[in-house]
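For the protein sequence lines, the chains are V and H, in the order given. For the first sequence, position 133 (counting from the first letter as 1) is numbered 133 according to my numbering, and the numbering increases by one without interruption. For the second sequence, position 95 (counting from the first letter as 1) is numbered 95 according to my numbering, and the numbering increases by one without interruption.
Rather than coming from a laboratory, the hints here were simulated on the basis of the structure. Among these hints, one or two may not hold up.
Treat identical chains as interchangeable: a pair holds within one or across any two.
What the hints assert, rightly or not - Okay, derived cross-link-like pairs now, BS3-like style, lysine-lysine, Cα gap no bigger than 25 Å in a straight line:
1) K138 - K221
2) K113 - K192
3) K192 - K216
4) K43 - K184
Please read all numbers here as calculations on a predicted model, not as lab measurements.
Number of protein chains: 2
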Amino acid sequence: MISVVILGAGNVGTHLFKAFNKAENIIVNQWFSRKTKPIDLYKNTVEVTDNLSSLKEADVYVLAVSDDVISNLSSKLTFENRLVVHTSGSVGIHDLDKKHRRGVFYPLQTFSKEADMDFSNVPICIEAMDKNDFNTLKLLAESIGSTSYKVSTEQRSSLHLAAVFANNFTNQLYRIAHEITESKSVEFDVLKPLILETAKKIQTMSPYMAQTGPAKRNDKKTIKKHLKLLEGSHHKDIYELLTASIQHTHGRKKL
Amino acid sequence: MISVVILGAGNVGTHLFKAFNKAENIIVNQWFSRKTKPIDLYKNTVEVTDNLSSLKEADVYVLAVSDDVISNLSSKLTFENRLVVHTSGSVGIHDLDKKHRRGVFYPLQTFSKEADMDFSNVPICIEAMDKNDFNTLKLLAESIGSTSYKVSTEQRSSLHLAAVFANNFTNQLYRIAHEITESKSVEFDVLKPLILETAKKIQTMSPYMAQTGPAKRNDKKTIKKHLKLLEGSHHKDIYELLTASIQHTHGRKKL
């Protein structure tokens, strides 16, 4: 049995609480939040507190708080030499106060407030200063059905950066596709199966192999037609830059 | 029963043949290709020909050929006043020879040669000059399990353009994410669940509502950190442009 105290009641904290609470070999001893009101509804299931100095003993303290406050919160903890982890993609392990045994438990996924998260779809990137602590975190991840990866701080930073491309920037391309279809009164729904298939394709094929389209083919006629159709210099700039990027990747163009 | 002759044996032609052949109320009378060798294996199932002047009568002639040859091929057909459609996203309906009853049957999906295509995931954009012909094409689409959409030539062009953003450009962002992880010896696999979830999210939520991340939050510290991490001006340019694009969409920045 692994005992846990969660600190933070945002998206990540709440999803982790639900997953930990459901797991057979994890017990959540306490849930801390500066403001307990949003999590009062869980009071029958777990002890909720807003008092840092009354934290109970536990095997792992999970700091699911925003990047800016991780360091400070870890210093304020009144105990020492216990396993304290944060859940951030871009904060170093050494940002945690050195009085603790330190670790990172970074779930690499996009969390919505509404839908329950199936943690079998959430890879967890783990880092720890101590081998036993690493194994505890690995067991914690596996207990909620996640696949765990051993990832250093430097590697985690690059994953966090890559995730911005794969998630935020990709989503912005969906948004632009939405703007383009909307401007001609076409339902965005028509594009949804393509979007899903594009993401599915690279589950078994490298993005390099999966590439198709006018940029890869160097189909100048279609590219010219598209640039003419695009309204606003902003969409044009993105079209040109990503076309050049594809041509660079596929050996058509030097950048 | 709808009778069909398919012209062209590329990806789209082959997938359409398989789907038509499987459908209960469609009969493929003939399959034409300039080079019949790659489709010789279907000879027991369908009549294969490389002779344009021996084409059989059918309700619909489907030109699944590259954009450049559609117009010319349609002129070369020796009959008149029959329903001839092309399958292209970016070629106008009027590019077909006017001696025919003309139409478009554009499947908006990414086709791999290897995997069989489930046409219930393939929206078909339909256009026709004649109402009866439109209904025939609609029935043809429904008979292979597809959802059909009535889409004008202008709308189809914008869908084709939007698909470049949603498919080719998105895939290039996956590629860049792959390059970033690879450069730090991290498995690209860690990102795959995130990529799938990002695509799934917008099936029920607008891309606008689905957006998260440092650009949307205007988290300057993280953006600065990411730009420092990026190797090569090329990835930096894309990061900056798409960050600006997100901030423009979410009201943080004038472009």
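Verification of the hints:
1. Proximity of K138 to K221 under the C-alpha cut-off of 25 Å is found in neither arrangement, the shortest distances being 53 Å within a copy and 30 Å between copies.
2. Both within a single protomer and between protomers do K113 and K192 lie at most 25 Å apart by alpha-carbon distance, with minima of 22 Å and 21 Å respectively.
3. Taking the shortest alpha-carbon separations for K192 and K216, both the intra-copy value of 22 Å and the inter-copy value of 23 Å come in at or below 25 Å.
4. For a Cα distance limit of 25 Å, the shortest separation of K43 from K184 qualifies neither inside one copy, at 51 Å, nor across copies, at 43 Å.
In this structure, the earlier hints numbered 1 and 4 are contradicted, and the remaining ones agree with it.
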